[in-house]
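Chains A and B, in that order, are what the protein sequence lines are.
Quick note on the working numbering: the first sequence kicks off at 1 and runs consecutively.
Quick note on the working numbering: the second sequence kicks off at 1 and runs consecutively.
Hints were generated in silico from the structure; no laboratory data involved.
Since no wrong hints were added, every one of them can be taken at face value.
Chain B residues, not near chain A, derived (Cβ > 10 angstroms throughout):
id, residue
1, 225
2, 484
3, 488
The calculated lysine-lysine pairs, modelled on DSSO-like cross-linking and capped at a C-alpha distance of 30 angstroms, are:
id, chain 1, residue 1, chain 2, residue 2
4, B, 136, A, 156
5, B, 127, A, 7
6, A, 199, B, 371
Beyond 12 angstroms from chain B on every Cβ pair, some chain A residues (computed):
id, residue
7, 51
8, 63
9, 65
10, 66
11, 116
12, 123
13, 201
14, 246
15, 248
16, 254
17, 255
18, 256
For every residue, glycine included, the Cβ atom is placed at its ideal position computed from N, Cα and C.
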Amino acid sequence: MLEYVYKDTLMHRMHPIPKMILLGVVTLLAQFYFDPVFIIPILVFVIILAKPISRIPNTWLLPMYVFGTMSVLERGYNAVFISSAGYYRVYPSEWMITVLLYIADIPVLGVAKVTIGGLFWLASIVLKYFVGLFSVSIFLYTTDPSDLMQYLASKKVSKNVLFIVFAGFNFFPILLRYTRTILNAQQLRGVELSKNPIKAVSTLAQVFHPLVIRVTVLADILTLSASIRGFGSGQYSYLREIKLSRTDKAVTAVVIAFFAVMLTGLALLNWGAL
Amino acid sequence: MNVDRIVYRRHAGDLEAVKDVHFTVRKGEYLLITGPVGSGKSSLLYSLNGAIPQLIPNSKLEGEVDVFGRNIADVDVAEISKSIGLVLEDPDTQITQMTVEDDLAFGPANMGLPPEKLRERVEYVAKSVRLEGLQKRNPRSLSGGQKQAVAIGGVLSFMPQIIALDEPISMLDPIGKTQILSVLKQLNKQYGMTVIVTDSGMEVESFADYADRVMVMSKGRMLKTGNPHDVLTDTEVIKASGLRLPQVTELCIRLGTSGPAAAITLDEAEKVVERKMNGRKLQNSHAELFEKKAESEPIVVVKNLCHTYPGLEKGIEALRGVTFTIRKGEFIALIGQNGSGKSTLALHLVGILKPTNRDAVVEVAGLNAAKCRSKELIRRINYVYQNPDDQIFCEKVKEEISLGLKAQGVTPDEVEKRTTQALNIFGLEPLKDEYIVHLDRGRRTYTAISSIMALEPDILIIDEPTTGLDERDSLAVMRELQRLAREGKTVIAITHNMNLAAAYADRIIVLHEGTVLLDGPPKEVFAQSDVLAKSYIAPPQITQLAQRLKPLGFPPDVLSVDEMVELVGRT
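Could you build the full structure based on these sequences and the hints that come with them?
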């Protein structure tokens, strides 16, 4: 999970930089828009990139799904306080502030209620999360870190930045593997997450204790493993030469042009606003 | 390389892990540093390329290490690594890339090797360390032994002038060990590569054939250094350091050939025994017909078990229709080449992994392991991880051992009673309030095993119980497992140590490419060396010797030095 898996797909073959631009653009656009009508096509696009094109298995995406779903709960809290007509520039404000469900009047925070506009806002936030999560997933799943390092090294990027890239790509996969091993080992000792939230927190503390110990030494381990393999001691060479193909260049040009058009629409025509 | 009276402390004020060690290594030498766990071998190795003290925080090194005339204290580790390649004991620590080929290429790529040469180098190394076909796999998803091969390959690939390896073959299958050592010898002879390797004594037979010089360490000090014959046949030094003699050396000494004249390799031992036989042949000796034990009730039934991991284009088939039955009270050794599916199989038995085919049967003590709740299953069967640190969660020994009991809702009195019993199994009672992080690998392994034994499962699976342990600790673990089996518990030990499998197991199951290749008593299994070779397994050294001596009438299923002495004595 959260790490590169070798496959022969269009996205795997793509140069890391155009790929980063493509995924960055769709993520940024999704962040700028608030109208789900605009964000849904973007989400459909990244799902197509992730599933039929990059062939990312659901098991790999599982943490992303969990994280995205948790965001609904977190953001739902904010959504019930959105009730001002002034938020809306495109949709009729009277319709958007229509109350579907009155929840409670909370001192200091105000009246908590479910409105159509609040639901639109919540939907857009959740969709944004998923666009971002799918984009990150596609990048991590299809990009061999050594290709990216090779590209950065060819651009004379400093050793320190290269190390950050190196450590970044290694850190989370290692952390996830640690977590999975610890959870399995705890399951074998009969330590399970309780339905009682207080007990569940104490169990989680037992997971975090060995995890924290390992994380604290992880930076030292990565430094040791990089140093003893001569990292930063000379000019970085490469196993596979990565070059910008015509397709890469065409995709980059189209994506940038599309981004410019959509940003113009956002600024001048309120595209994507509620 | 000149090592001048170095003293190393892990932290200022600590006791010395290495005390006043001095030696010189000449270009093209093949040096084995051996000694029990905690004797200072790894610390010594890490100080040879400056990792100690440069990369180990708060460590303190006195004395001097000069390599090619430069004091390594003045050179950056990344820089000196071009000349001295260091292979760490734990391969997980060393793997840095997302595919095997990228990991093999990482070192030489850092040194700017031209792309064509880099590709050639990666191809050569992948072949040498038996990683062909795995180049696109994620190294972290490979088996322990395969990861060890990646770690070695990742350093071999930049062809350092000196290669220092910390316990490099402990997780490899027997033929894998020989292959790696042969490659090192070849590079040593062909290119003058200097090889410095450590071993805790468990692999002494493997190294005896290859090393030019052996250094024995104990409690941070160098006890003896010299040519392998002088050192490995010196019973006093070997005994004082807590090591053991190679099987063939022990045989020679018991046959009356002691001192440097004793054999340390198979070739030499063959000649010694031939001389002893003086042209005579053994009469009426043949492979023993195995007497079947009275069969107890089946406790584990596995039928047509398949498991495919996600990854690559079509997934990775780890198990392909495994079928066997294990009976109550059996001591099983599960062996097979690296990546043959041993750990995957074990994780199915404890319910962590589920079969990927619908018609698989995994019945453990009458429970369906694929569907049963984990809490129920772990009362019947449990698993000790290969790396004790994977299953240690508490700060102190006693807390760790009682954790599982408390999680299972055992009464406080019972927790106390069973924890005390478990602490006594390996003599951990005096260490019960110690911080686990301060214990050596042997004590951490004891803690991990004891914490599972406290749960009193009917079936205990133990993955590579002797990895990282020295002779004394390994024997203690194996004897305890044997005691459990005698008391009616079922023990399944996954191991690459054929000597221990031959000495302790009642039955051996050999896995090969996800299927059962052989299944029978040790004598029956180890007699079939041709079939075993398919799974990169070689019988114990003494069995190999008996098989070489077949023309003299020796049976192919001799498993111990005692048996061999008795056979020679018959003439």
